[in-house]
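These protein sequences, in sequence, are chains A and B. Counting along the first sequence from 1, when you hit position 421 you're at 421 in this note's numbering, and nothing is skipped either side. Counting along the second sequence from 1, when you hit position 101 you're at 101 in this note's numbering, and nothing is skipped either side.
Each hint can be trusted.
List of simulated lysine to aspartate or glutamate pairs, EDC-like, C-alpha gap at most 20 Å:
| id | chain 1 | residue 1 | chain 2 | residue 2 |
| --- | --- | --- | --- | --- |
| 1 | B | K371 | B | D343 |
| 2 | B | K371 | A | D348 |
| 3 | B | K358 | A | E360 |
| 4 | B | K371 | A | D317 |
| 5 | B | K377 | A | D348 |
| 6 | B | K371 | A | E287 |
| 7 | A | K157 | A | D277 |
| 8 | A | K312 | B | E404 |
| 9 | B | K358 | A | D365 |
| 10 | B | K377 | A | D378 |
| 11 | A | K431 | B | E404 |
| 12 | A | K367 | B | E420 |
| 13 | B | K377 | A | D380 |
Simulated from the structure, these hints should not be mistaken for laboratory data.
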Amino acid sequence: MTTTLEQPMPTSITNEPTWLAERRAAGIEQFNALAMPTARDEMWRFASVGRLSIEGFNPVEAPSADKLAELVERSGLVSERAGRSVYVDDAQASFEGISAELAAKGVIYLPINEAVAQHPELMEKYFLQESTELGSEKFFGLHASIVCAGSVLFVPKGVEVEQPFVNYYWTSGERAAVFPHTLVIAEDNAKASVVDIFFSDTEDNEALNVSVSNIHAGAGANVFRKIVQDWNEKTVSFQLDTTVADRDAQVKNVAVNIGAQRARFENQTRIEGPGADVKMYSLTVAEDTQEFDQRTFQTHNAGNAVSDLLYKNALLDNSRTIFSGLIRVAEGAQQTDAFQTNRNLLLDPTAEANALPGLEILANDVKCSHGATTGNVDEDELFYMMSRGIAKRDAMKLMVFGFFEEVIEKVESDELAENLRELIRNKFESKIK
Amino acid sequence: MSDTDIQDKAINVDTEKGNFKYPENYEFDAGVGLTEETVKYISKVKDEDPWILDFRLKALEIFKKKPMPTNWADKDLENIHFDEIRYYLSKGQQPARTWDEVPDDVKETFERLGIPEQERKFLAGVEAQFDSEASYSRMKEDLEKEGVIFVGSTEGLMKYPEIFRPYFGKVIPTSDNKFSALNSATFSGGSFIYVPKGVKLKQPLQAYFRINAENFGQFERTLIIADEGAEITYMEGCTAPKFETTTLHSAVVELVALKGAKIQYITVQNWSSNVFNLVTKRGMADEGAEVKWIDCNIGSRLTMKYPGVVLKGKGARGEVLSIALANDGQHQDTGAKMIHLADNTTSNIISKSISIGKGRSTYRGQVHMPKHLKNCKNNTECDALLINTNSRTDTYPAITTRGENNTVQHEASVSKVSAEQIFYMMQRGLSEGEAMSLAVNGFVNELMKAFPMEYSVELKRLIDMEMEGSVG
Chain A
1 MTTTLEQPMP TSITNEPTWL AERRAAGIEQ FNALAMPTAR DEMWRFASVG RLSIEGFNPV
61 EAPSADKLAE LVERSGLVSE RAGRSVYVDD AQASFEGISA ELAAKGVIYL PINEAVAQHP
121 ELMEKYFLQE STELGSEKFF GLHASIVCAG SVLFVPKGVE VEQPFVNYYW TSGERAAVFP
181 HTLVIAEDNA KASVVDIFFS DTEDNEALNV SVSNIHAGAG ANVFRKIVQD WNEKTVSFQL
241 DTTVADRDAQ VKNVAVNIGA QRARFENQTR IEGPGADVKM YSLTVAEDTQ EFDQRTFQTH
301 NAGNAVSDLL YKNALLDNSR TIFSGLIRVA EGAQQTDAFQ TNRNLLLDPT AEANALPGLE
361 ILANDVKCSH GATTGNVDED ELFYMMSRGI AKRDAMKLMV FGFFEEVIEK VESDELAENL
421 RELIRNKFES KIK
Chain B
1 MSDTDIQDKA INVDTEKGNF KYPENYEFDA GVGLTEETVK YISKVKDEDP WILDFRLKAL
61 EIFKKKPMPT NWADKDLENI HFDEIRYYLS KGQQPARTWD EVPDDVKETF ERLGIPEQER
121 KFLAGVEAQF DSEASYSRMK EDLEKEGVIF VGSTEGLMKY PEIFRPYFGK VIPTSDNKFS
181 ALNSATFSGG SFIYVPKGVK LKQPLQAYFR INAENFGQFE RTLIIADEGA EITYMEGCTA
241 PKFETTTLHS AVVELVALKG AKIQYITVQN WSSNVFNLVT KRGMADEGAE VKWIDCNIGS
301 RLTMKYPGVV LKGKGARGEV LSIALANDGQ HQDTGAKMIH LADNTTSNII SKSISIGKGR
361 STYRGQVHMP KHLKNCKNNT ECDALLINTN SRTDTYPAIT TRGENNTVQH EASVSKVSAE
421 QIFYMMQRGL SEGEAMSLAV NGFVNELMKA FPMEYSVELK RLIDMEMEGS VG
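Could you put the whole structure together from the sequences, leaning on the hints where they help?
Written out as C-alpha cells, the structure reads:
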C-alpha cells in the first residue's frame, strides 16, 4: 500500500485489532482537522514555522539487505545491553530479544506489531494513549495513523533490569518519512532503562522524523531513558515524548541533541502520585542554520513530589534555539518542589537563543523556581586560563566541554559518555576559534 | 483550628474604604457607545485643530479593525462591552489655576483620599484629573521660569504643537494594540510635560486620577519629553470609587528621554475591583539616557500593564520596578518589556507580586536583544508570594538574545510566608493578621524604598488594608 503525507492513509496490518484501527483512524482525523502551526500560535512562538514543511516526504520501501546489515554493524554505541533493536526507514533490521532468564521473570521486549499480536490487553491500555499537548497534536495524529516501527519494553512488578535496552532508529532512503515509537512500561517497583538513538545513514539523505516516546512509571518504579539525536542536517524532526510518574516513581531523562536541520522537542512530564521524582536533562549543540525548538511541560497533579529540569544549549554560527518551559502546579499539590533551568551559551554573535520559562502555580506551599541565562564564555575565566599558559583555543575548548559535561556525565555510563563526547567533538571541535 | 481552616477562611477586605461618589453633573456628555460621531463630538467640544481630529478618526478605524489581544489575553476581556461605555464627559471647565478656584466637591475628594494639604507644598504642581478634564492645574512660578511646560493633552497639542507633535504617538504607535488605538481615538485629559535642556527638577510633578461616572471609560494621554540632560520625576496615583457595572480605564503614556536625560515615572494604582485597567506605557531612551518605571498595582478587576523601555541610544538604561497585589477576584497581569537596540545598553526588571485568597498575579515580560549588539545586559527577578492555599501566580517571560558579550539572566521564585516567621511574631504579641501584614511588607520592603517617602507610607497603608481579614 502506498501512502503520501499530503493524503496519508492509516497503516493497516492484517489482523490488527479494532481498538488499534480506531486509534489510527482518530489519528488521521486529527491530522486532517488541525491546521499547520503558524507563527501566531503561542505554542510556536519564535519558531520558524515556515521551515517546517512535511511536503515531499513519504514512507519508503525497506532498504536492501546489505544496507540493513551495514547499519546494524554501525549500531554500536552501547555494548553492554539487555536487548537491542535496529530500524532503518521504519523497517526492522535487527532485533536482539531478551534472555530466557528475563523472559521467565515476565519482562517483555518486542517490536510493536508483535507486542500488539501477543499482548493485546497491555497494548490496548498503553499504546498511543498519551498525546502531546504542546502544539504538535497534528503531527501526533500523523504518527498514530502510520506508526509501525518501534519497541515496547514492559517490566513487571518488582523486577529490576540493570542493563539498558537500546533502540536505533536510522533513516537512509530518499526523502524518507519515519515514525519510530518507544513505549516503556515499568510496573510498581520495577527498574528499567532504555537508550533511544536517532541516526542518519549519510550526510545528505533528507528525512522527516515524527517519533513518539511514552514512559509509564508505576509506584516506586525506576526508569532511566537516554536519548541520542544525531540526525544529519537535512532532517526535519519531531520528538513528542511524555512521562507519567506514579507515587514514589523515579524517572530520569537525559537527551543529547546534535543533529537535524530543524528539530522540535515536546517533552511532557505528569506527576500523578506523591513522592515522585522526575529529572529532565538536555544538552544541545547547534551550528550552521540549525534550529532546535524545545517545549517542556512539568505538571504536578499530586503534592510532595519533585521535578527538576536542566536544558543547556550551545550555539554556533547562525543557529537558533528556543526553550519554552512551563511548570504547572495544580490546586492542592502542596509541598511541590519544581525547578527549571535553561542555560544558553552563545559562541557566535549571529546565533540566537530564545527563552520562555514559565510558571503557573495554584498552590501556596511550594518551592518553585526557574532561571534562564544567556551569555558568552566568561572572559575572566578565559583570562585566568590563558594567564596560566593555556592557549586561547584550548581554553575555549575546555570551557565549552566543561559546559557540556554537566549533562553528559548524567548518562552514568562511561562508554556512552565517551561516545557522546566523540560525536560532539566530530561536529564542532574545528569551529572553536 | 487547623492551619488550613484559617487559610481557607473567607477574605473580608473593607471594601467601603475609598468608596465614595458624588452626584453626576456633566455639562458635556458624548453619550454611550463609540462611533465616528462620538469622536467628532469629543474633538469639537475640545475645540481641537483638524489634524487632531484626523488622528482620532484614523485611530478609530484601526481600533475597529484590530482584534482583541490574542494568545495570552485574559478571557475576562470578553466582558468589556465597548458599546455600553461613555467615552467622554466633562464639566466644561477650564483647568483651574489656584487652589481657591477648585470646586469644593473636588477638594472634598482629596480630603477623603487622605492627601494632606501640606503635601502640595512639596509638589511642584498638582494636576488632578476629575473625570476627563484636568480640574486643577498649578505650577510653581520658578518652574515656569525655567521653561517647563506642564499642561493637559489637548492644551499641549494646541498650544505647543512644535514641541509635542513630533513625539505624539511615536513611542506608542496608534496601531500598537487595540487599546492604544482606542485611547488614540478618544483620549482626553492626562499630562503633557516638556522639560528643557539641562533642567533638573528637584521635586516630582504629580497628578491624581480618578474615575467618577458610572460606565465611563477614562482615556488619559500622557507624553513627557525630557530634553538633553534634563531630569524629571512624575508621579500618578489612582483611586476610583466603586460602581455597580464595570469601568474601563485605558491610558497611553509615552516617555521620551533625549540624550543624557532621566525620567522616572511612578504609579500607585488602587482601582476599585470592577475596573478594567488596560494601559500601554512605553519610554524611549536615547544615548546615555535613563527611563525608570516604578509601578504599584493594587485593586482593579483585571490589570494588563507592561511598561516598556526602548533602549535606542548607546549606553541607555531602562528599569522597571513593580509591585502587584491581587486580592480575591482580581487578576494583576503585569510585567515589563525591554527592547535593546544599541550597544552597551542595560536593563533591570524587579517584580514582586502578592496573591491573596483567589487572587491571581501574572508576570509577563519580554527582553529583546535582536541585532548584532555588544555588551548589553539584562537582569530580571520575579518573586511571587502566595498567601492562601488557593492563591495563584504565573510567570511568562520571553527572552531573545544574540550578539557579542551580552548577558541576560532571568530568575523567578515562588514562596509563601513561613509559618516560623508568623509564629515568632505572634509569640511577641502581634495578632496573626498583623504578623502577616508585617511579613508582606517585609517582602516588598526593598522595592518600597524606591518610592518617594509619602508614597511608601501610602503604600504600606494600602497593603495593610488589603491584608485585613486574609487570615483568621
